[in-house]
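Use the sequences and the hints to build the structure in full.
2 protein chains.
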Amino acid sequence: MARRSHFKIPRIPEMTVRRLSVYTRCLQQIEEDGVKTISSQDLAERFSLNSAQVRKDLAYFGEFGVRGIGYYVSGLKAELQRILGLDREWQVALVGFGNLGSALFHYKGFARQGFRIAAIFDDDPAKLGQAAGGVPILPLRDLPREAKARNLQLAIVAVPAESAQPVTEALVGAGIKAILNFAPGRMRPPKDVRFKSVDLSIELETLSFYLAQGTRA
Amino acid sequence: MARRSHFKIPRIPEMTVRRLSVYTRCLQQIEEDGVKTISSQDLAERFSLNSAQVRKDLAYFGEFGVRGIGYYVSGLKAELQRILGLDREWQVALVGFGNLGSALFHYKGFARQGFRIAAIFDDDPAKLGQAAGGVPILPLRDLPREAKARNLQLAIVAVPAESAQPVTEALVGAGIKAILNFAPGRMRPPKDVRFKSVDLSIELETLSFYLAQGTRA
Numbered sequence: 048m049a050r051r052s053h054f055k056i057p058r059i060p061e062m063t064v065r066r067l068s069v070y071t072r073c074l075q076q077i078e079e080d081g082v083k084t085i086s087s088q089d090l091a092e093r094f095s096l097n098s099a100q101v102r103k104d105l106a107y108f109g110e111f112g113v114r115g116i117g118y119y120v121s122g123l124k125a126e127l128q129r130i131l132g133l134d135r136e137w138q139v140a141l142v143g144f145g146n147l148g149s150a151l152f153h154y155k156g157f158a159r160q161g162f163r164i165a166a167i168f169d170d171d172p173a174k175l176g177q178a179a180g181g182v183p184i185l186p187l188r189d190l191p192r193e194a195k196a197r198n199l200q201l202a203i204v205a206v207p208a209e210s211a212q213p214v215t216e217a218l219v220g221a222g223i224k225a226i227l228n229f230a231p232g233r234m235r236p237p238k239d240v241r242f243k244s245v246d247l248s249i250e251l252e253t254l255s256f257y258l259a260q261g262t263r264a
Numbered sequence: 048m049a050r051r052s053h054f055k056i057p058r059i060p061e062m063t064v065r066r067l068s069v070y071t072r073c074l075q076q077i078e079e080d081g082v083k084t085i086s087s088q089d090l091a092e093r094f095s096l097n098s099a100q101v102r103k104d105l106a107y108f109g110e111f112g113v114r115g116i117g118y119y120v121s122g123l124k125a126e127l128q129r130i131l132g133l134d135r136e137w138q139v140a141l142v143g144f145g146n147l148g149s150a151l152f153h154y155k156g157f158a159r160q161g162f163r164i165a166a167i168f169d170d171d172p173a174k175l176g177q178a179a180g181g182v183p184i185l186p187l188r189d190l191p192r193e194a195k196a197r198n199l200q201l202a203i204v205a206v207p208a209e210s211a212q213p214v215t216e217a218l219v220g221a222g223i224k225a226i227l228n229f230a231p232g233r234m235r236p237p238k239d240v241r242f243k244s245v246d247l248s249i250e251l252e253t254l255s256f257y258l259a260q261g262t263r264a
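Order-wise, the sequence lines are chains U and F.
The opening residue of the first sequence carries number 48 in my numbering; numbering runs sequentially from there.
The opening residue of the second sequence carries number 48 in my numbering; numbering runs sequentially from there.
Keep in mind that a hint or two might mislead.
Given that identical chains are not distinguished, each listed pair holds provided it fits within a single copy or across any two copies.
In silico DMTMM-like cross-links for lysine to aspartate or glutamate, where the CA-CA straight-line distance does not exceed 20 Å [what the hints assert, rightly or not]: (1) K124 to E78; (2) K195 to E250; (3) K224 to E250; (4) K155 to E92; (5) K124 to D89; (6) K124 to D80; (7) K243 to E209; (8) K124 to D246; (9) K155 to D89; (10) K124 to E250; (11) K155 to E193; (12) K238 to E92; (13) K83 to D246; (14) K243 to E92; (15) K243 to E216.
Since the hints were made in silico from the structure, they are not lab data.
The following block contains the structure:
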């Protein structure tokens, strides 16, 4: 539906990528409501977005709007999913199967977006040889072999702080190309791999900021 | 140490607030390394930040740099912690004590930043009357009374999608002023409360985006 440019995409700010994810979710909701086309203004208003920002973010990837019509909701959603790599299934390694690892394993949102946890790694002898929802729990030393055999491309790291660095290096050594790290503490992000740390307390801090401002106003 | 303005702070973009959290962590690391002062350029370089952005973000809150010196590391860190409301302890309610709730309860990062989970709410009869790490697991109907008695100000919601809306309304009714929601799915964010939904799959999508671009380049 869109005139799409096929040149190599320039450096895209991570915030733009995050917003593409948000737009995709907004379009999904609108589609479920039976809306077929929408203007950038209406899209922005309905989800408290910035319409100029929406247009600027999309412009990195081509020309999606149609004059006098706006965006075709289903078409734009499919385009954004393709851009985000959500038009395929990714095989994900989960390292660490404690409280957080177990919660992430059961998190419905990953599978819904095409992220399939295909192997769990944990060196706890009590867990080895077991399986969770049909997915085997394997020792870390099996990582290189299993990464290849199971075509693992991404990894989620949910190990204690002191294990995060060696685990990350093992993942890179096994050919994993992108790592989402939930372990707290200092890390030397490895080279030649996409590495992203999630710090859940930052989310709470955006809330305490506004509460603190309120108490001071 | 800084000339600080005491007028009411204007509308601060959420991304600025998130970056203040990041700066605070960077300053913490630098302080641990024994560095006393640092320029915005060096700070930016060391943590792959944008030095103009650092100055712009800080400028919302006052004038922190000292000509010819840069920032005093400990002083700036303390200022940012105060701005973020991290100079006090917040009493947090956790609603939902399944896999994710349990993981969030044990997440070390919250307590380190002053967020103390002071009460857990879960209507599962198997959990009621129990406690986790000395924190009682209570039925949701006790929320109004306990919110008052325990001075609960923030809440973390980790319930299934279908319970998220009624739980959120119960929290607002009990006087909670800020909610961090981990439940997936559509929500009508309540009025008169700071409401933030965390979608963990967005974090994975920023990774799959770059992988997808890579396979296409």
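20 Å Cα threshold - placement of E78 relative to K124: Within one copy only: 9 Å inside, 45 Å across.
Alpha-carbon proximity between K124 and D80, which holds within one copy, between copies, both or neither at 20 Å: Classified as within: same-chain Cα gap 14 Å, cross-chain 47 Å, threshold 20 Å.
Status of E250 relative to K195 across identical chains (alpha carbons, at most 20 Å): neither (35 Å within a copy, 24 Å between copies)
Within, between, both or neither, where K155 and E92 count as close if Cα-Cα is 20 Å or less: neither (28 Å within a copy, 38 Å between copies)
Same-copy or cross-copy closeness of K155 to D89 [CA-CA at most 20 Å]: neither (30 Å within a copy, 41 Å between copies)
Alpha-carbon proximity context of K243 and E209, limit 20 Å: This pair counts as within: shortest intra-copy Cα distance 17 Å, inter-copy 30 Å.
Within, between, both or neither: K83, D246 at alpha-carbon 20 Å: For K83 and D246, neither the intra-copy (37 Å) nor the inter-copy (26 Å) Cα distance is at most 20 Å.
Homomeric proximity label, K243 with E216: Cα distance no greater than 20 Å: The answer is within: 14 Å in one copy meets 20 Å, while 33 Å across copies does not.
Same-copy or cross-copy closeness of K124 to D89 [CA-CA at most 20 Å]: within (16 Å within a copy, 41 Å between copies)
Copy assignment of K224 with E250, given that the CA separation must stay at most 20 Å: For K224 and E250, only the inter-copy Cα distance (15 Å) is at most 20 Å; the intra-copy one is 26 Å.
Alpha-carbon proximity between K124 and E250, which holds within one copy, between copies, both or neither at 20 Å: Intra 27 Å, inter 18 Å, cutoff 20 Å: inter-copy only.
Up to 20 Å CA-CA - E193 versus K155, copy category: Answer is neither: 24 Å inside a copy and 31 Å across each miss the 20 Å cutoff.
In this structure, the hints that do not hold are numbers 2, 4, 9, 11, 13, in rising order.
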